[in-house]
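With the hints as your guide, set chain B onto chain A.
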Amino acid sequence: MPDGAQPVLDVRDLKTVFRTRGGEVHAVNSVSFDLKPGELLGVVGESGSGKSVTMMSLIRLLPSPPADVRQGQVMFDGTDLLHCSEQVLRDIRGGKIGFIFQDPMTSLNPVFTVGFQIMEPLRRHLGMSKEKARVRAVELLDLVGIPDAKRRLKDYPHQFSGGMRQRVMIAIALACDPKVLIADEPTTALDVTIQAQILELVKDLRQKLGMAIVWITHDLGVVAGIADRVMVMYGGQVVEQAPVKELFRNPQHPYTRALLKTVPGVIGERPEKLNVIEGQPPILYAQPEDCSFRDRCPQAMARCATANPRRYDVGNGHDVACFWDPATGGERNA
Amino acid sequence: MLNYTIRRLIISIPVLLLISLIIFLLLNLAPGDPLANQPLTIPPEVRQKMKEALGLGAPLYVRYLLWLKQFFWVEPLHAFDWCFGTHFSVGMQRILSWQFRSPVFDVIVQRMPQTLTVVGMSYVIGVLIAVPIGIVSAYRQYSWFDQIGTFISMIGYSVPTFFTGVLLIVVFSVDLGWFPSIYNTNLKVVDWQTFLLQVRQMAMPVFVLALYNAAQISRFMRSSMLDNLQQDYVRTARAKGMGERTVLLTHVLRNSLIPVVTVIALGVPTIFGGAIITEQVFKVNGLGQLLITAIYASDVPMVQTLTFIFAVLIVVFNLVADILYGVLDPRIRYD
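Just so you know, the protein sequences line up as chains A and B, in that order.
When the letters of the first sequence are read in order and numbered with the numbering used here, they come out as residues 1 to 334.
When the letters of the second sequence are read in order and numbered with the numbering used here, they come out as residues 335 to 669.
Next comes chain A alone, as it looks inside the complex (with noise of 0.2 Å):
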C-alpha cells in the first residue's frame, strides 16, 4: 500500500440514529476512517457494535425511517455520497460500490434467474446490451469459481448451494469493476470449508482486480489472514484503529485486548472455560458522554465516567480511543 495515498473512501463523523417507540437509539456516533486504493479494511466488533449500520449508512441503504443519518460527510470520486441526489447514488451503488451481504440465502431474489441478477446491474451501470452482458455474466460466474457458467446462468437461486450462491453475490458485487467493495460478515453464514474458499477467493480477486475492501466481520481469524487494516468498533465509536500486525501485537484498548482472549486456541490443552467479556454492548439512547465500554472494561477508572475518550495517535498508524495506557499501567497523558 502507499502510504499517504489519496482515500479513495473517507468517512468523517458520521452519526446514524434509529427512531425508535423507545426513544433514539444512536447506532454510529461519530465514526470516522478512511479507505486507501486497493487496501483490505477489517471492521470487527460484537454483535450491535454498528459494524453494519456504519456501511449502510455511508451508502444510505438503511431504510428511512427509522434510520436517520444525522451528520457526517462520505467522501468518494469527488462526491459526498450524504449530500448528493439519489439519482449520482444510484449510478454509485452497484457501479462504482460493490456489496456482498451476509445471508446468501436470502440476498439473492427467488424468482429471477441468476443471470438476469447478474445481468441486471450490467445493463443499468455499464448500458449493455443483453447479448454483451450475457458473455460478461459468464465470465464473471468463472472468475468466482462456479463450474458450467453458460449452463447455470438459466438456474435459479435456489439451484445453488449456500457458498456457490454466495459466490453469485460476488459475482455480482464484481459486476461493473468497482472501486471498493463492501462486504457485511460475507462468510457468517457459511460453514468453515466454504468460508475458507470465500476468503481464498477474495483474496485472488483482489490480486486480480485491485479493489479496496471493507471486510466486516466478527471473527478475528478472519481479519488476521486477509485484512490490511483493522478497525475495532464498540458502542457505535471506533475505538481502535491499526495495520492488521500492530493490532495483534501491541493492542491498546481493554475491549480488543478482551476481545482477542476471547479468541479459543487450537493448540495446545483445552481450556476449561471459554472466555468471555462480561455484560452485554450497550443500547445508546443519548449521545454518550461517558466510555460507553466503562461497566465492562477491567481498566475502567474516575475519568471513563466524565468524558468520552477521543482518539489518540499511538504511532505507527495506530490510534486507540482511551485514557488507560497499556504501556504505564495508568492514565494516559495527552
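None of these hints come from the bench; they were simulated from the model.
The C-beta atom is built at its ideal place from N, Cα and C for all residues, glycine as well.
Hints may contain errors.
To be verified - Residues from chain A shown here face chain B by an in silico Cβ test under 10 Å; the list is partial:
1) E120
2) M169
3) I226
Using the frame of chain A, we list chain B on its own:
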C-alpha cells in the same frame, strides 16, 4: 407440468363424481315438493302421475345415473351439435327444468351474459383497482394514502352488499335519479346511446361488487408486498443501484403476486355463482337469481346442475391456481 396437469385432471374425476353424488343425495333427501305450487284441487292420484312424469317414480340410483348420463354425455353432445350443426344428440333426453319445462342448459345460457357482464366486470375492475392500491399502500405504509385505503377496504369488506346496494339505489336512483335501479335485460347495445344506457344500468351493481372484491384483494396485495419489501433481496437490488421503480415493480411485485394470483384465481368461480344477493337487489336476472328462484320452486334438476357446475369450476380453478403458482414461482416444480 403437463404430466402434473393430466394427473390432477384424472384425480378430479372421482372428486367430481363424489361431489355430484353428495349434491344429488342432499337435494333428494331434503324436504320439498316440486308440485307444492300446483293447486290443491288436483286429486292425489293425478298428483302421483305428475310426479312420475317428472321422473320421480324411478329408484334413487336410477335417477342419479340418468342425471350423470345427461350431464356428461347428452349435454356435451348437444353442445357439439349446436356448434357444428351435426345431429348426434337427436332423440336424447336433455336435463329438463321442472319450473321452466325447458332444458336446464338453455336457461343457463340465457342467464349467463348478464352474470358475466355484471359480476365478471366487477371482478376485473376490482382486481385492476386492488393491485395498484395494494402496491402503493405497502410502499407508503402508514401514509395518508394507506390509511384511507385501509379505511375504505374495511368498509368495503365489512358492510354487506345488500346494504351498500340499497343505499346506492336510494341515493342515486331515488333521490338523484342518475342511474336506473332495475337492470333491463332486454336492452340491446346497438349504438352509442344504448351503450351509455348499458353502462348506466351496470354502474351501481358493478360498483357494489367491485368495492367488495377490491377491498379483499387489495388487503392481500398490501400484506404480500409488505412481506416482500422487508426481504434481503430488496436490499440487494437497491445495492445494485436499481431505481425504486425497478425494485418495486420488478423485484418485489413479481414475488408478491404469487399468493395474490392464487387468491384471484380461486375467486373466479364465484363470478359464475353470480352475486346472489346483489343480483336480487338490482334485479339482474343472472345465474345467482336463477339459482334462488330454482330453490324456491324445488326445481331439483336446475339446482343440481347449477350447483354441480360451480363445483366443477371450483375444482378447475383450484388446478389453475396451482399451475399458476408453479409458473410464477420457480421453486415450485410439479414433476
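Task: Violating hint indices (sorted, rising) - done: 3
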